Amino acid sequence: AQKITQTQPGMFVQEKEAVTLDCTYDTSDQSYGLFWYKQPSSGEMIFLIYQGSYDEQNATEGRYSLNFQKARKSANLVISASQLGDSAMYFCAMRRSGGSNYKLTFGKGTLLTVNP
Amino acid sequence: SQTIHQWPATLVQPVGSPLSLECTVEGTSNPNLYWYRQAAGRGLQLLFYSVGIGQISSEVPQNLSASRPQDRQFILSSKKLLLSDSGFYLCAWSTTRAPLHFGNGTRLTVT
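If you read the protein sequences in the order shown, they are chains Y and D.
Per the working numbering, residue 291 is the first one in the first sequence, and the count goes up by one each step.
Per the working numbering, residue 986 is the first one in the second sequence, and the count goes up by one each step.
In short, the hints are calculated from the structure, not lab data.
None of these values were measured; they are calculated from a predicted model.
Just so you know, even glycine gets a beta-carbon here, dropped at the ideal spot from N, CA and C.
Treat the hints with care, since some could be wrong.
If we take Cβ atoms under 10 Å as the criterion, some of the chain Y residues that face chain D in the derived model are [said to hold, decoys possible]:
(1) I294
(2) F302
(3) F325
(4) Q329
(5) N357
(6) L374
(7) A378
(8) A383
(9) L394
(10) F396
(11) G399
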């Protein structure tokens, strides 16, 4: 079974500063994928970034980067130069590679508040 | 481009009433389809997924059922709602290694 743990229920950051949202995972699979989603107060789930377990480079997408430490089973999201619009819930998720169902297992999320 | 439609956006239903939430996907064929539920302030719990027409897998025993009558249509149903069925329901689709793409969700309140 797969498990995602997000230990920070809430985080605060000043506008224009960087913030790291923690995510640790547990799986017995050798090949898997890690995802981060953003959920604004409107409720929609927005895909941010993906990291494959065999990817040698940490994933980056604009201001988002994923600090992947495979040995520690962590996949922290780093948001650089925070903006007020970054205030939202952030979810870490994973799925095993291969197979046919592609289902995601989610953590409980971290509520990020960006202060002006 | 692919789009996913989910309706209604909000729903208030009395205990014991039936439920039908619908989700349709456009712009892709044979997608995997998913129903997730999010309780207030919690993460997403997978309820059902489908890899093809008529193929439904249930993740959690509960008062709900799902059906996939057409390739790009996914329906979540209940014959008699319980108070504990309240929550935010999200439909999603995916193909191969692509991330899940979510609809805008249905906020269900059972009174």
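Next on the checklist: Just to be careful: measuring from the Cβ of Q329/Y to every Cβ in chain D, is the smallest value less than 10 Å?
Outcome noted: holds, 8 Å
Checklist entry - Would the stated hint for N357/Y survive a check requiring a Cβ distance to chain D of less than 10 Å? => result violated, 19 Å
Next on the checklist: Is the interface hint satisfied for L394/Y? The criterion is a beta-carbon contact with chain D at less than 10 Å.
Outcome noted: holds, 6 Å
Checklist entry - How about F325/Y: closest beta carbon in chain D under 10 Å, or not? => result holds, 6 Å
Next on the checklist: Next item in the hint list is I294/Y. Is there a CB on chain D closer than 10 Å to its CB?
Outcome noted: This hint holds: I294/Y lies near chain D, its Cβ roughly 8 Å from the closest one there, short of 10 Å.
Checklist entry - Would the hint on A378/Y stand, with a C-beta cut-off of 10 Å toward chain D? => result violated, 14 Å
Checklist entry - Minimum Cβ distance from F302/Y to chain D below 10 Å? => result Where the cut-off is 10 Å and the nearest Cβ of chain D is about 17 Å from F302/Y, the hint is violated.
Checklist entry - Would the hint on G399/Y stand, with a C-beta cut-off of 10 Å toward chain D? => result holds, 5 Å
Checklist entry - Does the nearest C-beta of chain D fall within a distance shorter than 10 Å of the C-beta of F396/Y? => result Holds. Min distance 4 Å.
Item to check | Evaluation of the interface hint that places A383/Y against chain D, nearest CB under 10 Å | outcome: Where the cut-off is 10 Å and the nearest Cβ of chain D is about 8 Å from A383/Y, the hint holds.
Checklist entry - Given L374/Y as an interface hint, is the shortest Cβ-Cβ distance to chain D below 10 Å? => result violated, 22 Å
Violated hints for the displayed structure, listed by number in ascending order: 2, 5, 6, 7.
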